[in-house]
Amino acid sequence: MFTAPPTTTAATNTSPTTTTKSAPGRPAKRRRVSEKDTAAPLPAQEKDDEGRQWPRLFNGFESPSAADLRKKTYESAWPVLESEIESVLRDANRQTLEEVVEFLNSDVHECEGRGRVPAGFIITGPNIAGQDLLFSQLGDVLAERGEGRVRFVRLKAGEVGNLKGGLKRIVREGMGGVEGGDGGEGGGRVVVAFQDSEAFDTGLVGELVGLFHSWQDRIQFSVLFGIATSVELFQARQLKATARQLYGAQFDVVQANAVLESVIMAAVAGAKAQLRIGPGLLRKLVRRQQEHVAGVGAFVSSLKYAYMNHFYANPLSALLVDGQKLDKEILQPEHLEAVRMLESFKSHVEQSVEDGRLDHARLLLENDDYLKGRINRQAAKRQQYLGKLLQSLALVIATEHSKRSFVELYEAALEEGISLDQSPGPFDLGDAIKRSTPEELIGLIKRVMTVVVDGNPSLHWNGMGIGQDAEAAIDKFEALRADVERLIETSKKKKTSLKSKYSSQSRVLRTTVVAQKVQLSRDTATLTEEDNAFTAAIDDFFAFFKTLVGCEPLSNLFLNEVWQYDYHLPYEDVFVPRPGATFARALSRPHDYLGCACCDKANGSMVGTLPATSILYHLYSEAGASINVADLWAAYYALVGEDSEIGMDERSALVLFYRGLAEMRAMGFVKQSKKKADHIAKLKWL
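Under full-length UniProt numbering, residues 1 to 686 are what the sequence shown spells out, in order.
No lab work stands behind these hints, which were simulated from the structure alone.
Worth double-checking, as some hints may not be accurate.
[As the list claims (entries may be wrong)] Mimicking BS3-like on lysine-lysine, the simulated pairs with C-alpha atoms at most 30 Å apart in a straight line are:
{"hint": "1", "residue 1": "K546", "residue 2": "K499"}
{"hint": "2", "residue 1": "K71", "residue 2": "K284"}
{"hint": "3", "residue 1": "K434", "residue 2": "K403"}
{"hint": "4", "residue 1": "K434", "residue 2": "K495"}
Could you build all of it, start to finish, from the sequences and the hints given here?
Dropping the structure here:
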């Protein structure tokens, strides 16, 4: 029978009034202090520690207010973009949702497809991850518009492995609460959606569709299939009996590339984005989306990680707030020292010296108050630059002459700036604009005027406003449009075609035969008075258009590092999987991961105290492309055998050797050699 040992610690639980004799060398008990003296300051300190979750940077010298400011700035910046992204994703599926709901509510299947199950085939393309959001939105829309008469059931291949599991889910989610579901009036409807339908077993889909067909006279079933390939390939995989029981229509979803571009316009390049993702990082993000066919959700996660990195690890991100809200007391000497180490600061000082502004350069380097003033004025200059950038991009898009996508234009604008004089380049629009016909030029002027007045909703740019610049631009474009329309009317009266010297109609190819040789030469057709006037109108339009379009590269701006994030390594370490390098490091330096005493003294070298797999990896690294297993065992046993410091017997060492070799094979470092039975071959990680 178990009995508890006698306790000898009763003295420690005595009341404060009990007097005990202290042991030799033991400090005397301290006098009990009133709770009012000790408990008062603790809650405030704990509250401060809990409220400030982010660490102080500058090796702990950052002030609590600056750390809190970084956190508040992030918490105010990211939710705005998150709501914009959700809005873009909802709008991207809106047309498809309307078409699907209209199909489900129509009576087409009752008259033409009588006796068959209505089916909607939704083509999502390779963006399988987008099906989750699409069907989630579809369920919400059907629940909202169905007024309780429609039940939406979503089936996933990973959750429904057989017919019993599928029927359980349909009965639990679809049959309960449906009016007419008990076989009465039959007014209810159950919509069953097969998400990623290619992943379902063909027999399971056929059995479920057969059951839906047999119950169609009592419960009105409709099915939806999310398809990544095509309806033809999906139909080829199904049984003919299943195909005969379905009657449906095909719906195409906006492709992932178009959705990604809309997300970039709203959340990366739009006016609501406080942090600018640099061109290098943005190029990597987009390339990863295109090459690995990842869903838009992966891009959003990468974007959020960039925001977190910038505000969490960059102490200068506190300067991103509005200059009027940035208290000079928040700017510590450490902030100013970090600012003076930025590349943009150094370039600005060097350029000031070259321009002869020596006093300005000296004050930036020596006077902290002067530098604080310059920092506070950067918020207004940043907004001015972003306004010019968005205005230029919106006007370039309005021309409809650029052959580049918006993402390419935005990357080029940040990296190289925008100039219509670049030839060749992404913004080389001069030739395309000058070759415009009169009708095309009028359409171009109208589109540009619309952008000047209304802006670009996708970029959240509200136009040029109501200032003098906007009024002058509108007046200029109105006058040009009136001139071109007048020239068109005059040409119609004279029954001539209106052209410019840039159009192909004004260039004539002349053929001359001299001494039985054909000579080709280009000549310019004679231009009428109206043609010359139209040419002058084109030149006038393009010259004025160039004054509205243009900005410098982002790297040229003073303190651009404060509101630009363009670091690749943190993103690649988290979002780009490199298991080969991770395994190699873990096996070569196991102490970095295990923290055990046996591996502490190794320091990357090979010793017998390392785990068996780590020892084999060191031997593997020193061997050639083909490794003799007997030689590998001999080298391993020499390190851990009875003659070594480890002193392991041969049987135990052999067990660990085979286990380590099996782990090396499982991790993809070795395989059985086809040439020699007693050899293993190295494998190379790609």
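Evaluation of the provided hints:
Our distance criterion of 30 Å between C-alpha atoms is met by K546 and K499, whose separation comes to about 22 Å. As the CA atoms of K71 and K284 are separated by approximately 27 Å, the hinted pair is consistent with the 30 Å bound. Our distance criterion of 30 Å between C-alpha atoms is met by K434 and K403, whose separation comes to about 16 Å. For the hint pairing K434 with K495, the CA-to-CA distance comes to about 23 Å; that is within 30 Å, so the pair holds.
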